[in-house]
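Take these sequences, add in the hints, and give me the full structure.
Number of protein chains: 2
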Amino acid sequence: MRMDFNAREIEVNKQTMNVEQHAVATAVAEPAADCRRLVQVILAGGSGTRLWPVSREQYPKQLIGVVGDQSLLQATMKRMDGFAKAWDVAAEPVIVCGAEHSFATREQAQQCEVKPRIVVEPARRDTAPALTLAALAASTDGDDPILVAMPADHAIADIAALQAAIEQAAQLAQAEGVIATLGVPPTRADTGFGYIRLGAPLKNGAHQIDRFVEKPAAELAAEYVASGSYWWNSGMFVVRASVWLDALKRFQPEMHAACVEAHANAKRDDVYITPGVDEFERCPSDSIDYAVMEQLGKEGSPFTGVVVPLEAGWSDLGSWDAVWEAMDKDEFGNVANGRVMMEGATATYARSEGGRLVACVGTNGLVVVETDDAVLVADRSHVQNIKGLVSRIRQTKSPEAENHRKVRRPWGFYDSIDNGDRFQVKRIVVSPGARLSLQMHHHRAEHWIVVSGTALVTRGEEQFLLTENQSTFIPLGVRHRLENPGHVPLQIIEVQSGAYLGEDDIVRFDDQYGRCN
Amino acid sequence: MRMDFNAREIEVNKQTMNVEQHAVATAVAEPAADCRRLVQVILAGGSGTRLWPVSREQYPKQLIGVVGDQSLLQATMKRMDGFAKAWDVAAEPVIVCGAEHSFATREQAQQCEVKPRIVVEPARRDTAPALTLAALAASTDGDDPILVAMPADHAIADIAALQAAIEQAAQLAQAEGVIATLGVPPTRADTGFGYIRLGAPLKNGAHQIDRFVEKPAAELAAEYVASGSYWWNSGMFVVRASVWLDALKRFQPEMHAACVEAHANAKRDDVYITPGVDEFERCPSDSIDYAVMEQLGKEGSPFTGVVVPLEAGWSDLGSWDAVWEAMDKDEFGNVANGRVMMEGATATYARSEGGRLVACVGTNGLVVVETDDAVLVADRSHVQNIKGLVSRIRQTKSPEAENHRKVRRPWGFYDSIDNGDRFQVKRIVVSPGARLSLQMHHHRAEHWIVVSGTALVTRGEEQFLLTENQSTFIPLGVRHRLENPGHVPLQIIEVQSGAYLGEDDIVRFDDQYGRCN
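These protein sequence lines are chains G and Z, in that order.
433 is the number that UniProt numbering gives to position 433 of the first sequence; each next residue is one higher, with no gaps.
393 is the number that UniProt numbering gives to position 393 of the second sequence; each next residue is one higher, with no gaps.
Think of the hints as simulated: they come from the structure by calculation, not from any bench.
Some hints here could point you the wrong way.
Label pairs and their calculated CB-CB ranges [as the list claims (entries may be wrong)]:
| no. | chain 1 | residue 1 | chain 2 | residue 2 | range |
| --- | --- | --- | --- | --- | --- |
| 1 | G | ARG392 | Z | GLN463 | 51 to 59 angstroms |
| 2 | G | ASN403 | Z | THR396 | 30 to 38 angstroms |
| 3 | G | ARG392 | Z | GLY502 | 42 to 50 angstroms |
| 4 | G | VAL488 | Z | THR396 | 29 to 37 angstroms |
| 5 | Z | HIS487 | G | GLY355 | 33 to 41 angstroms |
Coverage of chain G stretches by chain Z, computed from C-beta distances (three or more under 8 angstroms per stretch; other residues unrestricted) [as the list claims (entries may be wrong)]:
| no. | stretch |
| --- | --- |
| 6 | 393-406 |
| 7 | 465-476 |
| 8 | 491-502 |
This one's a predicted model, so the numbers in the text were calculated from it and none came from an experiment.
Even glycine gets a Cβ: it sits at the ideal position worked out from N, Cα and C.
Structure (structure tokens):
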């Protein structure tokens with residue numbers, strides 16, 4: 001039964017909304033057969049310095065297994081699996097991410113056998129333009145699906161509860177003019193989240209949105225929670241693509257125009273959509289909340305914001321404190337990840353990422369995170385200062401703000417395991433079938449020793465295979481290429497020798513990942 | 001003027017000691033010309049788990065630069081430099097250490113151009129037997145010097161004040177029957193030290209010793225400090241060799257006999273004295289305090305214990321808390337060693353030993369110590385639990401209790417920089433003129449790449465030189481030897497390949513350090 005529900009008719013002053021309107025607003029429970037299509041949109045543009053040193057500029061939080069073996073992005077890609085059969089969930093989610101993360105994003109999707117459409121943002125412009133590019137990508141061929149937009153870097157414990165909330169939101173979003181968000185009834189006076197003030201109640205616990213409020217101070221947060229009329233803003237939105245685009249056009253015409261133009265001039269292949277750089281760079285930067293959601297109640301607005309309750313063990317993992325909160329603890333309130341020993345510790349989160357033994361003795365309320373090249377020790381009540389710390393690290397031009405010691409590349413990764421005066425040692429791992437660029441160095445020679453798998457080596461005019469326990473020498477100035485022709489990862493130890501060993505001493509002649517330009 | 005002072009005549013009941021006796025007891029200020037010989041004895045037998053992870057079983061605290069660039073042992077070897085000219089300080093200190101530390105001890109002495117006599121303890125038997133072996137070593141050819149015994153692992157800020165205290169103690173020790181110790185007037189109610197209860201006052205602030213008391217509880221420590229009659233026990237002793245041996249013979253005849261026999265059957269070379277193993281293993285284990293000092297006041301004892309005040313910024317560096325106490329702090333009470341960043345931290349000691357960036361955010365009263373293979377985070381008030389932690393690590397057979405990742409050898413060191421399935425990568429540094437044993441492995445092949453210096457390689461029947469940027473391959477089962485014929489350190493990267501890569505897969509054919517037996 002298709003309802004003649006029209007959000008434009010809803011009284012925009014929610015304070016005066018009565019029970020009758022309530023009935024109208026929630027009467028959209030039965031979606032029409034022709035518009036049950038859902039597209040998952042994953043907003044993966046975050047840079048996530050708050051979980052430093054595990055999260056880095058070049059390999060941020062969503063690409064990392066913060067709370068489990070899978071990365072948060074991978075867990076997010078799986079969140080629509082098994083969704084209610086009444087809905088047609090597109091097999092291809094749309095992921096919006098930055099160029100520097102696009103290879104890793106694709107690789108992680110492949111690992112969990114998801115074939116996404118990846119929209120590569122030419123510049124960082126916050127979530128409203130990101131969702132707009134995704135809406136445009138999902139609307140090709142006249143489709144007008146319901147978008148289920150969610151950040152790539154949150155954790156959700158109860159997927160069934162999440163899906164039920166999404167379904168409820170999708171039913172509301174079927175109605176013209178309705179933009180639904182998922183709000184989390186608060187369990188503590190958290191100052192790390194934005195809050196949504198509830199408007200008139202709708203069916204099944206949903207509410208109209210009165211307004212969005214920014215992260216409050218502690219006292220105000222406590223008032224919010226005590227009042228019962230504020231929910232946490234989860235950053236998840238459910239909206240029909242055309243409704244989103246219409247709302248954006250009304251409230252942010254400049255942003256809308258820039259996105260539409262950038263999309264029109266996008267480069268595309270099987271996986272990637274890369275919107276026009278010049279057009280997108282002209283796009284203003286803003287969040288979904290500010291750019292659209294807060295405008296919905298304006299006089300004359302034909303759009304309605306509604307919030308659906310989400311009680312599914314949601315966490316934005318927005319700080320190490322939040323990570324500790326989200327994890328199972330032992331009887332002393334400790335969380336130990338990796339090679340960790342606790343001796344009289346309480347309420348301590350300790351994580352050994354680089355494999356070293358981490359020992360916590362008599363600590364309380366502490367976060368300890370060890371990686372290959374950095375160790376963070378933070379009082380849990382001061383984790384908000386990590387952002388400032390990372391800025392300071394960046395100012396000193398230390399690499400630890402940007403990269404891990406292990407650096408991901410389209411062909412695999414390398415790890416700088418040792419270095420000294422005039423030498424550097426790397427472990428290089430090349431994925432099956434992948435190959436590095438044909439390259440040459442002006443200042444260094446390289447020794448390669450294969451420790452597992454098979455290498456196809458190009459050295460000057462020669463080409464030859466090397467297998468485990470074989471080695472070769474690449475003199476300075478000689479063109480060379482390393483390739484994995486096999487079906488298992490290739491691992492080599494590379495010993496570089498020379499007066500200058502920077503990553504920028506590289507001349508690329510040919511590269512399958514387009515890095516010659 | 002040689003005094004006819006005879007300690008045997010001193011009333012042993014110190015409670016009844018009167019002013020006249022006081023005058024007698026301090027009348028030894030002028031040593032006779034023939035007995036002004038001093039020998040420094042350095043007790044370097046500690047295993048020092050309390051400063052884990054910097055201090056390890058195989059490379060303990062005294063071998064490490066805890067508070068400066070020099071190791072504590074090296075700083076200790078320099079403490080008699082510039083001693084008052086009226087005394088003849090032997091150029092060769094006697095160092096007593098365990099066999100596992102004897103190479104490193106010799107190497108560190110060479111680095112600071114000290115030629116010690118090194119007494120290698122065949123077994124750990126605490127300080128009383130150690131001092132006895134040193135007394136015997138210093139008494140050859142009928143010499144009877146005054147021994148100035150000090151632990152190898154303490155810090156002293158004011159060397160002039162130390163030397164003044166030692167001179168005062170040495171003047172007292174000239175008298176027959178007097179054993180002098182240095183006591184530190186306490187500056188806080190520390191529960192980590194033993195205390196000495198002062199007896200009758202002597203000249204220049206010295207006192208007879210009433211008794212030794214063990215580490216007290218906090219309340220008792222406060223009483224001790226408030227009373228003004230207790231000093232910290234510094235573990236430094238000044239005593240004539242013959243007096244020590246006589247006292248030991250009287251109070252611990254079994255220990256005395258075992259040490260004398262072990263010394264009689266010692267192996268000697270230019271540097272090392274290795275007492276007989278079987279004899280020394282029969283020796284009871286005890287400290288100088290318990291075995292002798294606490295017995296001095298016994299009825300009929302001809303010996304007198306005196307304590308001389310030491311106010312020289314002494315610290316036993318007995319815990320990370322003590323290390324923090326001993327070091328200069330910034331305005332927030334922080335101490336940062338190495339690559340450390342503090343963000344809102346207070347009263348925090350942070351040390352980056354392995355070179356990784358260590359960041360402390362909002363921490364208070366914390367110790368953070370990073371090494372190549374382990375990270376310790378401890379509340380400063382719980383550092384005494386580190387000992388228990390290290391025992392637990394040992395129980396799990398993890399290497400981090402015993403060794404550093406960088407393992408010292410007589411010829412230099414190696415550092416295990418990477419490892420994986422069927423491979424391991426080491427950086428090997430060979431000292432100028434040193435060579436590894438002629439050896440062979442059953443389970444692994446090795447690639448060697450020289451990154452600095454020159455290597456003389458023996459491989460099967462061949463011998464050849466390799467210099468920077470050259471490499472060779474040692475197949476499994478082939479005899480080989482690595483040698484540094486040059487004048488600068490040789491550094492190679494070794495890539496091992498094989499199914500078993502344990503250190504025990506080694507057959508030694510020849511070794512200049514006697515490791516073939």
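Structure-based check of each hint:
A hinted range of 51 to 59 angstroms holds for the C-beta pair ARG392/G and GLN463/Z, which are about 54 angstroms apart. Take ASN403/G and THR396/Z: their Cβ atoms lie about 33 angstroms apart, and the range 30 to 38 angstroms holds. A hinted range of 42 to 50 angstroms holds for the C-beta pair ARG392/G and GLY502/Z, which are about 43 angstroms apart. The hinted window of 29 to 37 angstroms between VAL488/G and THR396/Z holds, with their beta carbons roughly 32 angstroms apart.
HIS487/Z and GLY355/G have their C-beta atoms about 38 angstroms apart, which keeps the hinted 33 to 41 angstroms range intact. Requiring three or more residues with a Cβ within less than 8 angstroms of a Cβ of chain Z, the coverage given for the stretch 393-406 of chain G holds, as 3 such residues are present. With 4 residues carrying a beta carbon less than 8 angstroms from a beta carbon of chain Z, the stretch 465-476 of chain G meets the three-residue requirement, and the given coverage holds. As drawn, the stretch 491-502 of chain G meets chain Z at 4 residues by the rule of a beta-carbon pair under 8 angstroms; at three or more, the given contact holds.
The structure shown violates none of the earlier numbered hints.
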